[in-house]
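Trainee: Spelled out from the first residue to the last, the chains are:
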Amino acid sequence: MFLLCLVPALLLVLDWSAELGWLAGWQSALGADQIRSTELRTGLWTLRFLAITLAVSPVRQLTGWSGLARYRRMLGLFVFFYAVVHVATWSWADTNFELSFMLKEIAKHRYILVGMLTFLMLVPLAITSTKGMIRRLGGRRWNRLHRLVYLAAVGGTVHYLWAVKKDTFFPLVYLAVFIVLLSWRVLQAQRPVITPRRTARS
Amino acid sequence: MLIRRPSDIPSSEITPEDQWLDRRAFVKRVGLATASVSLLAACSAGERDGADAHGVAADTAGAGLLQPNSYEDITSYNNYYEFGTDKSDPHDNAGSLRTQPWSVEIAGLVKKPGIMPLEDLLRPHTPEDRTYRLRCVEAWSMVIPWQGIPLRDIITRLDPLPSARFVAFTTLFDPQQMPGQRRPILPWPYVDALRMDEAMHPLTLIATGLYGKALPNQNGAPLRLVVPWKYGFKGVKAIVKMEFLDRQPVTTWNQAAPNEYGFWANVNPQVDHPRWTQSRERRIGEFRRRETLMFNGYAEQVASLYSGMDLRRNF
Numbered sequence: 001m002f003l004l005c006l007v008p009a010l011l012l013v014l015d016w017s018a019e020l021g022w023l024a025g026w027q028s029a030l031g032a033d034q035i036r037s038t039e040l041r042t043g044l045w046t047l048r049f050l051a052i053t054l055a056v057s058p059v060r061q062l063t064g065w066s067g068l069a070r071y072r073r074m075l076g077l078f079v080f081f082y083a084v085v086h087v088a089t090w091s092w093a094d095t096n097f098e099l100s101f102m103l104k105e106i107a108k109h110r111y112i113l114v115g116m117l118t119f120l121m122l123v124p125l126a127i128t129s130t131k132g133m134i135r136r137l138g139g140r141r142w143n144r145l146h147r148l149v150y151l152a153a154v155g156g157t158v159h160y161l162w163a164v165k166k167d168t169f170f171p172l173v174y175l176a177v178f179i180v181l182l183s184w185r186v187l188q189a190q191r192p193v194i195t196p197r198r199t200a201r202s
Numbered sequence: 203m204l205i206r207r208p209s210d211i212p213s214s215e216i217t218p219e220d221q222w223l224d225r226r227a228f229v230k231r232v233g234l235a236t237a238s239v240s241l242l243a244a245c246s247a248g249e250r251d252g253a254d255a256h257g258v259a260a261d262t263a264g265a266g267l268l269q270p271n272s273y274e275d276i277t278s279y280n281n282y283y284e285f286g287t288d289k290s291d292p293h294d295n296a297g298s299l300r301t302q303p304w305s306v307e308i309a310g311l312v313k314k315p316g317i318m319p320l321e322d323l324l325r326p327h328t329p330e331d332r333t334y335r336l337r338c339v340e341a342w343s344m345v346i347p348w349q350g351i352p353l354r355d356i357i358t359r360l361d362p363l364p365s366a367r368f369v370a371f372t373t374l375f376d377p378q379q380m381p382g383q384r385r386p387i388l389p390w391p392y393v394d395a396l397r398m399d400e401a402m403h404p405l406t407l408i409a410t411g412l413y414g415k416a417l418p419n420q421n422g423a424p425l426r427l428v429v430p431w432k433y434g435f436k437g438v439k440a441i442v443k444m445e446f447l448d449r450q451p452v453t454t455w456n457q458a459a460p461n462e463y464g465f466w467a468n469v470n471p472q473v474d475h476p477r478w479t480q481s482r483e484r485r486i487g488e489f490r491r492r493e494t495l496m497f498n499g500y501a502e503q504v505a506s507l508y509s510g511m512d513l514r515r516n517f
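Chains D and U, in that order, are what the protein sequence lines are.
In terms of the working numbering, the first sequence opens at residue 1 and continues consecutively.
In terms of the working numbering, the second sequence opens at residue 203 and continues consecutively.
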């Protein structure tokens with residue numbers, strides 16, 4: 001499972017190795033603008049892993065496959081991993097690590113602002129993903145904090161939607177997927193009979 | 203402050219350093235005078251009309267120092283929504299376009315309107331080599347070695363009426379051949395236009411080839427507009443109609459998103475697009491962004507066209 005989640009990253013490494021001439025016989029799929037492809041790919045994998053992570057609970061509830069739950073943390077950390085590569089690529093290739101230029105970009109373009117806010121939301125979730133942090137925070141507070149992931153799903157989709165020039169078909173597909181995943185939770189929260197714990201109501 | 207450069211310097215005075223270097227190199231190259239036949243032709247053509255001959259020559263020579271992008275990059279990374287919205291779609295899908303036979307409708311305020319077979323339109327002219335920077339509004343750029351005919355030569359022959367102030371170009375509309383047109387991504391057919399003095403500027407080109415080969419379909423075959431100081435979307439591809447007008451026409455991207463894409467679309471590092479900062483660009487093949495030049499580096503030749511115009515409002 002871990003290796004499967006790493007496949008997109010491995011493909012990226014292989015493609016870049018080929019681009020840099022380190023790997024003969026591998027056909028890079030990055031195209032003419034390798035930076036843009038890298039950003040697009042890592043951004044999409046961030047959203048995909050976010051959707052997969054959010055699908056764990058519904059799938060578990062629908063199928064009764066409780067073993068799925070133990071992958072949730074790892075999947076969530078892969079969301080963060082691809083987001084880090086995404087933001088790092090932008091910071092390096094697009095802003096040359098110039099802080100003042102980065103801040104101007106964030107202030108000027110709403111899709112970058114939303115993207116950055118979304119990334120910042122993911123940071124505390126990744127930090128508090130260890131057993132120790134869960135213990136220290138306490139389950140209740142940890143749960144409340146980790147509801148930020150719903151906001152991150154909205155933020156990530158809006159970032160994608162606003163970044164696209166004209167053809168919004170795929171951003172809208174992601175939007176639809178997240179609407180389904182989030183409304184499942186709203187519906188669950190409104191039917192307290194199914195879950196033994198009633199604290200989920202909000 | 204968002205803008206570092208003071209805006210009180212007229213754009214005509216902003217001459218980027220590398221352009222100056224290009225100009226000096228031009229003098230040296232003429233001294234060597236090897237492949238300068240087409241350069242000299244461009245000079246004399248310019249002088250005949252009493253215009254910017256110096257500018258054209260300098261640019262054409264400067265282009266000799268520009269490092270063109272590879273044929274593969276130029277033909278596999280395109281914005282041509284008629285064949286799909288991905289950059290690789292035109293390469294993958296444009297094979298369905300048939301460019302022979304082809305004809306162009308000459309319409310509007312012109313001596314002899316009518317439909318002209320492509321051969322008749324192009325035959326009297328000899329294609330010239332023009333290596334230009336291409337700057338996309340999405341903040342990436344390439345250097346492309348075009349072959350083509352200066353638009354002014356074609357227009358002069360077509361003999362528009364004195365009342366013609368704009369010329370509009372229309373792309374073929376045929377969803378059978380252009381699968382991207384089956385979705386209403388843009389209000390088809392694609393139309394863009396130039397003011398007459400822009401169209402008559404010696405840099406403005408009707409491209410018919412690149413890298414010495416026939417223009418590939420994904421790059422706008424059989425004929426496309428190239429206006430090197432404007433964002434790439436002004437370069438109408440697969441032209442089927444040229445219409446001379448007495449007023450500014452509605453253009454496709456401007457119609458689709460008026461606050462994002464202006465009619466003028468001059469490359470301007472000081473005026474940002476809501477989505478893209480225009481002060482820097484990624485030259486395809488380079489890792490870090492480079493500074494974008496005023497009028498895409500052609501300020502020397504074209505800035506005078508816009509003297510007195512507020513380029514911030516007329517973006």
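A hint or two may mislead.
Unchecked claim - Taking beta-carbon pairs under 10 Å as the criterion, some of the chain U residues facing chain D (in silico):
hint, residue
1, Arg325
2, Thr328
3, Pro329
4, Thr479
5, Ile486
6, Phe489
Claimed, not checked - Pairs of lysine-lysine, DSS-like flavour, derived with a Cα cap of 30 Å:
hint, chain 1, residue 1, chain 2, residue 2
7, U, Lys289, U, Lys443
8, D, Lys108, D, Lys166
9, U, Lys443, U, Lys313
10, U, Lys443, U, Lys415
11, D, Lys165, D, Lys108
12, U, Lys289, D, Lys104
13, U, Lys415, U, Lys313
14, U, Lys443, U, Lys314
15, D, Lys165, D, Lys104
16, U, Lys289, D, Lys108
17, U, Lys314, D, Lys166
18, D, Lys166, U, Lys289
19, D, Lys165, U, Lys289
20, D, Lys104, D, Lys166
21, U, Lys313, D, Lys165
None of these hints come from the bench; they were simulated from the model.
Even glycine gets a Cβ: it sits at the ideal position worked out from N, Cα and C.
Trainee: Which earlier hints can't be squared with this structure?
Mentor: 1, 2, 3, 13, 17 and 21
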